[in-house]
Each structure stands twice: as structure tokens, then as C-alpha cells.
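> Chains A and B supply the protein sequences, listed in that same order.
Using this note's numbering, read the first sequence as starting at 3 and increasing by one per residue.
Using this note's numbering, read the second sequence as starting at 34 and increasing by one per residue.
Some hints could be false.
To be verified - Label-pair distances were calculated between CB atoms; the ranges are:
| hint | chain 1 | residue 1 | chain 2 | residue 2 | range |
| --- | --- | --- | --- | --- | --- |
| 1 | A | N480 | B | A367 | 49 to 55 Å |
| 2 | B | E347 | A | W184 | 36 to 42 Å |
| 3 | B | E347 | A | P471 | 50 to 56 Å |
| 4 | B | Q51 | A | I257 | 51 to 57 Å |
| 5 | A | I257 | B | T98 | 55 to 61 Å |
| 6 | B | I316 | A | L563 | 44 to 50 Å |
| 7 | A | A349 | B | Q317 | 55 to 61 Å |
| 8 | B | D204 | A | A354 | 57 to 63 Å |
| 9 | B | Q317 | A | E307 | 44 to 50 Å |
| 10 | A | D546 | B | Q51 | 52 to 58 Å |
| 11 | A | A349 | B | E347 | 53 to 59 Å |
| 12 | A | R571 | B | H63 | 47 to 53 Å |
| 13 | B | Q51 | A | L492 | 44 to 50 Å |
To be verified - So the derived list for chain A, only partly shown, Cβ under 7 Å to chain B, looks like this:
| hint | residue |
| --- | --- |
| 14 | L73 |
| 15 | D167 |
| 16 | A171 |
| 17 | Y175 |
| 18 | H176 |
| 19 | P179 |
| 20 | Q181 |
| 21 | F273 |
To be verified - Sample of chain A residues facing chain B (criterion: CB under 7 Å; computed from the structure):
| hint | residue |
| --- | --- |
| 22 | V164 |
| 23 | L168 |
| 24 | E170 |
| 25 | M174 |
| 26 | L177 |
| 27 | R272 |
| 28 | A541 |
| 29 | K544 |
Calculated directly from the structure, the hints in this document are not laboratory data.
Cβ atoms here follow ideal geometry from the backbone N, Cα and C, with glycine treated the same way.
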Amino acid sequence: MQQRWGLPIVAWPSRLRPNYWDGIALPLVLGSVVLLAWASRQMGAPYRLGQTLAISLDPRYLPEYGLRTVLRMALALAASLAFSLAYAAFAAKSRRAEKLLIPVLDILQSVPILGFLSITVTGFIALFPGSLMGYECAAIFAIFTSQAWNMTFSLYQSFIGVPQDLREAARMYHLSPWQSFWQLEVPFAMPQLIWNMMMSVSGGWFFVVASEAISVNGQDVKLPGIGSYIALAIEQRDLAAVGYAILAMLVLILIYDQLLFRPLLAWAQRFKVEAVTQDEIEPPWFLIMLQRARLFDVMRSVFDEAAALLSRLARRAAPRRAGAHRLRFGAAGARWADLVWNGLLIAGVAYALIDIARFVDSEVGLREVLHVLLLGLCTLARVVVLIALAALIWVPIGVWIGLRPRLARRVQPIVQFLAAFPANLFFPVAVVAILRFHLNVEIWVSPLMILGTQWYILFNVIAGTLALPTDYQFVASNLGVSRFLWWRRLILPAIFPAFVTGAVTASGGSWNASIVAEIVRWGNDTLVATGIGAYIAEATEKGDFPRIALGICVLCVYVLLFNRLLWRRLYLLAEERLRLD
Amino acid sequence: MPDDGRLICAEKVCKTYQTAETPGRLVLDHVDFSLHEGEIVAILGKSGSGKSTFLRVLAGLTPPTEGRVAYRGHTVEGPAYGIAMVFQTFALFPWLTVLGNVELGLEAQGVPRAERRQRALKAIDLIGLDGFESAYPKELSGGMRQRVGFARALVVNPDVLLLDEPFSALDVLTAETLRGDMLDLWLERRVPTKGIILVSHNIEEAVEVADRIIIFGSDPGHIRAEIPVSLPRPRDITSPRFQQIVDEVYAILTTVPGREPGRRGLRGVETVGVGYRLPAASIQQLVGLLDAISAPPYSGRADLPHLVESEHIEDEALFVLVEALQLLGFAQVAGGDIWATPVGRGFAEADLQTRKQIFADQLRRSIPLAAHIRKVLDERPGHSAPEARFLAELEDHLSEEEAHEVLETMINWGRYAELFAYDYDRGVLSLENPT
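Whenever a hint applies, use it, and build me the whole structure from the sequences.
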């Protein structure tokens, strides 16, 4: 019987002997290494703007395209992980850095993701002249921006929330800052981080699809991938190809879910601080394989050795700097440094504001600014109406499902899956319908904005209802509470916090989706709805940089205000008054 | 003076907590203390007396604002090698197994893997955890978890062991066993540790374990008394000498300084001002305790250690209740005894409505904060005031957290006495009751 905590390294022979799990593990590992190597070679292929990349609608090419898409996703996820670890650690460790980094993150979060793509693509192309790499980087960067911010926020929250006693224990037993980062802070943040990674990837699929077909200065570049495949299918009005793409995406998401996130979620259980026994997750087959197959034992001990070596090196590099000395910094000196730092921050912000004002004034003029503000209002109206409609539809359904725990357990994974599925794959279907039935574009394009994000509302409402103690329902039925009163006094207050959480996510997603949803195509037919999303999309196509910037800034301001004035308040209200514990 | 038998020596240690807004609050006021080789010192005190802060200053986890702490003659400037700590909350890393947790300190010191494993297994064996090496903390009971905490401390062969209420999160039976095991290791010299400091709020525990008891007083924290315990070991907790010391400690801990009948407090008369840190006593428990004292078998006068046993109260909870009863003028305490005042007896005999009336009278008479709030509400047009106003006043004397706690206690008492009303949603105190 093998002990889980890893035997001493001397026990090589028995560990090396492969078992039957290795029969699955070995081909899987070798296969993915070969495939990834091949796909990354393709990324650096030579390319000049204007050249057409051959994309074929033949479904036989879909596996290849899928692989390229997955690789982009994985690279973006790795970049997001590295970025968020560094950024969050810095923000949590330094009080001064925190003052700058956290507000910046808050703003970055509200910048529309496709806006990043429009702005950065030229820079990336210049970075890798004559190669496809620049375009790949731009696409990966766009996916990165859809994933990194919420992971960073979650890490930062976890880092500052590490329990005081664990911190003290780490210091008391002389863990170096490097050791306590990897042994205390990162493990503590792990469950939340993995949950957020999963959410990030769910959101990411949407932007993978949207960012593979890039337009630069009026030229279309289609990177081989599922997103480009569907873009081509739209151009050529091939409904069957759209269907294949949807099918391929389905398989991809399933694989990601099974091979990456189910195992990660189950594995992350051990990092939870409070003792959970209730909702222990059954270890999925892939995790069992990882834990049983000897191949991974070998890999793990190599990894352990490397980590120990790194840790030793870090100790040697920073000997004996255990906390207390640094806390004693002269108080007066620290206050001066604070003043200077705050002054610098204010000066920087003022300079940026003046610069933006001057730029907008010289390039587009005040009249256009007002026009864009109005367009923003149109999009705002759409978002508000859509969230309200989605609430009307999904709250009753969510409650109905949530009251039936067994059904809920079966429905939740499906809803999660729907949330991950890139809704833009369905846009062509909607456009065909609008064209066929001559529907009003302004109205009927709108639902596309919430197509992918409404699931967050349903998902959270189900979770909120599940969490409602059954006692409350017994009391309600015992008192003979009427249907109306039951909703008003019991259910609505009880699920309110969960609903707000879901609605915040849904509304954020809808703002983002407006750029692709307010202007949709089918072959040569283009449907345009009035709104700021369409404005940004059109400016991007023309390569009109000042207007892209203006549109993004205005959209950003709307999202910030909307979040501050509505969602944050509702959130606080929910936290203060309606929490069950 | 590298070796004068003193392991740890604290000279004139002051600690001020300072935040950006408040000018700074004194938590420790000129504390002098030393730990000698071969002794166990227990530190007792009410919650908020700064005893935990003091332990953290000794540990090097937080620097003193003034004064100096030395370990074997060297100034402590951060956690020193040779000092280990056991935490009230265990502070185990939940993602590491028992073995992983115990090895942690050795790993941090760069001890080679084989030696690490061997030493950790020895410590685990010593503390009676063998068989649980591969368990995760969440699989263990509280008592077993704290054993891991002890093993983690002992594995680094500490010179000095700092124990921060290590048994108070455990049930009585478990605490007793673990305490006994620890004491055995110490008495039989099976650990290289030369000195132990135990922070506790359990008086019997302190008398059983310690060679010397230090009692901390509050606001700001200072050493109020020092009691040597020279009873032979193993100690018999039923012996009269033992009980006498227990009584003595109770007597000191339950008297509000400056309120001892017939005697001035050690530090002169302390007046209870608006910013006094009210003990967070619940009305239900106050009434229950007063009823218990007034009824047979006590019939108005009770021995505190007896009361603790018969009413199943924790020492710490008792201090809070007794202080509240004294402040409100319902009871008096001296020499380890508590007796009900005439007002207190009147309260115990009264019916519900009269009780509320008496409580209200006592609040206005003896609790300046209650009188102050009532006066403000009487004077203001509309007879209401935001809680923020009173919090700001309290924060002149207390930390933000303490100010909240005190106001919460005040609101509880005030609501019971129907002295004023409080609207949670708006955060407003007023004289109106909801219509």
C-alpha cells in the first residue's frame, strides 16, 4: 500500500514500476507533447499582411483548428496565471504599490476586451515583422485580457485575507518570504484561484472566437482556428459549417472541463482552510489517473527537487531578512515617502487626463463625444432591459430547480457548460432568422448580448436557492404563508445576494458582448443596431484609432459608473442585510 | 551578561497601536519581566489586557514601541531561533499532512531531507501522534490538531516555548489530557526546552502548571500582581493550599482596580469614564448569574471558584459577567467571594417590568456612557442621533474594533432597559420605539 504523502526518494525501484494507469497516462502525455510542439511551430510561420491564409470549411480540418485554438487558450491562461501571481503579490505586499495597482486593475477590468485587441494589434505586428507570431500574440493577448483581471483580483483578495495566525506561524518557524509565498499564500489562495480560472476560461472561449479573425487597416487576417472557421462560414453563408464549428467547440470545452477543471477543483479541496465534509467532490477519473500512475510520481518528485533547489537558492540570495527589522523604518521618513508617492500618483493622473482631453479635442471634437455618449446610453438601455428580462425568466426557473436538489445537481454542470459556450457561434443563426422574418434590427439584435451571460444568473439563483435552509421552508408552510408572501418574504430576500452576484457577471459580459453583438453579418448582409458597441466595431474595421480610443473610453466610463452606482450598492446591501449567516 | 540564568528579559516594554487616523493607543505600559531557566510562567489577565500582545512582543512577532526584549542577552529583533510558539487556533497549514506540518520548521531552516524526516517522526512519536503521520489536519479532532501544534514546536528543539492559550479551544477533558502530557514531558526532561511561558485565561490551569503566575491588568496592559506557586509536583487540585492560591488569583482578577472595598487600588482610583471599555456581558447571562447568586445554596453570597463549577461558566466569561455586575452596582467582590448588593437582591426578586426599571436606573446612575447617550438624545431635536457620533467619541479612548464592541454592548443593555432604541438599518439611536 503506497502512502500518499510521497515516499522518500530512495524508494525509486518500486515507484518506477509502471502500473496499468500508466497505460493510459503515457500515450496521453506523449501525444499532447507532440501535438503542442507541432502547433507551436505553426504559430511562428512567416506571414506578410495581405497574404491570405488558407482556411478551409472542410470539417476534416476542424481538429487541427481546434488544437490551434486550444493552444492559444492555454498560452493565454499560463500568461494570466503568471501575471496575476506577480501583480497580486506586489499589490498585497507593498502599501504604496497597492494604491496604484488596485484602481488600475479596476479600470482595466471595465475596458472592453475586444478594445484591447483593436489597440494592441499594430504593436504586436511591429514586434514580429514578417511572421504570423505578431497576430498570434495579439489574439493571445486579447484572450489574456479576458482572463487575467478577475484571477488577479481573487489572488489579491486571498493574499490579504491569509489568516493572521498562519502568517505568525510562518514567521515563527522562519519561513523565508519566498517560502511563505509558495507554502502559505499561494496554497491559501488556491481554491478561489481555481474557481476564478474556470470562470475566466468560460469567458475566454467567447473571445477566442472573436479574436482569431482580426482586421488591421481594413485587411482581414484569419488565424487558423475555430473562430476563423466560423468567420469564413459566415462570409460564405454556410450554415452546415456553422453547425460543425458548434459541434467542435462543444467537444473542446468538454475536454477542457474533463481534463483540466474537474481534476483541479477536486484537488483544490485540500487547500480549503475550514473543514468541509458536506460537499466533498468525488475525485474525477482523470485526477485518479494522475494520482495513481507512476509516471506522474516520477514527474512530481523531479518537480519537488526543483522546487527545493529554487527555495535553497532564494534563501541564499536573501539571507535572514525575517520581517521585524523592516517594520522599524523611521516613521517620519515613511511619511515623507508617502507624501512624495501620493504626489507622483496625482500628478500622473492629472497628466493623463489632460492628455486625453487634448487628444480627443484635436482628433474628433466635442460634438462627436456627445454623440458617442448618446450611443452609450442606447447600449445602457439594452443592458438594463436585458438583465431585467433575464431576471424575470430565470429567477422563477432557477428557484424551481433549486428547490429540487437532486435535479439541481444534474442541471448545474449543464448550466456551467452553457455559460462557457461561446454564444457568438450562434449569432449567424440569429441573423438568418432576423433576415428571413424581417424583424426589427434594433430590438432583435439585443438578445445576442445576453445570450452567453444569462446563464450566470440562472446558475447563481440555483445555488442561492440550494443554500436556503429547509427549516425556513418548513416554517413558511407551517404558517400557511400564501404564494405571494412566500416569494416576497422568503425566497426573494434569500436569493438576493446570489442573484446580485450573477447579475453583476451577466451585465459585465453583456457590455463586452455589445461590440460583437450590435453589428452582425451573414454573407454580404450586415445588420447594425445603434449603440456604442457598433461604433467601436466600425471604427476598428476602418482602423480609425482616435475613434476606437474614444469609444473604448466612453464605454469604460459607462461600465465603471454602472458598477459603482448600481451593482456595488446592491452588493453592499446584500452583504449587510440579507446574508443568511 | 550572556548567562545569568535569565532566558528572556523584557525591560520597560511599551506598545502603542497607531493607525493613520487615531493618535495611538497604549496597549502595554512599561512591562518588566524575565523568564528564568527551568521555570514555567503563566500569564493571566482579562481579555484585552494585552497579554497576547506581550507574548507576541517576546516572540519577536511585533516590535515594542519602547523598551527592549532580550533572549539570552541578545536583543530580539524578529522571531529568534530557539523560541517556538504554540497557537490557540493551532495555526496548522491545512494543505500539509501532519508530517508536512511538523517538518515545516526544519524545512525552512534547510535541514536535509533524511534528517528532517527522522526528527519529525521522533517528535510525532513523542507527542503521541504516531499512526497519524499522513493525516490532514481537517481529519483530526481539536486535541489531535493541537498535538500537531506541539510537535511542530518541539521538533525544532526550542530553548523557550511560548504557549498562547493552547488549551482554550479544546473541551475540558481533552485539554486536561494534553496539559498532563505536556507537563510530563517537561518534568521528565524529555524535551530540551529550558523555559515555558503560558498565556491562559483558566485560573486552575495556571495554578496547576506554573511556578510563577503573572497577572495582567487592563487599559493599558500592565503587570498587576505576581504570585509564586511553590506547591510540590504532582499537584493535587483538591488540596487546601491549591484552593487557597486559586482563591487568591480569583480575588485579584475579579476586583475592578480602585473599587476594592476598604482599600485603594494598586494604581490609585480609576474612574469609569465615558470611554470605559464595558465588558461585553449578555443580559441573559447577567440575569442568570445574579439569580443564581441570590438563590440557594448561595443565598446572596458565593465563592467564585465554586460558582464557576456549579454554573458551568468559563473563567473568562465569569470575569466579564462579574465586572458588569460590579459596574452596574448589582454585586460586590472581595477575597474571591461575590455577594449581591441590596439593589442586586431587589433586582433578583422583582418581576420582568420592574427589573427593566431597576436596570435602567442603574445604567443611568453608574454607566457614564449610558447617561451620556440618553442626555444627547433628550437634548437633540427629533431625539435621535447617528451611532457614528458615539463611535467617534469612543474612538478617542478605544480602538475602532473595541469602540464597536462597547457600543454594541451599550445598545444591548439600553434596549433591554428601554432606555433608548436603535435602528440597525439606518444606524441611528433614538428615543422612539417602532410604531
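> Any hints this thing doesn't respect? Which numbers, in order?
3, 9, 14, 19, 22, 28 and 29
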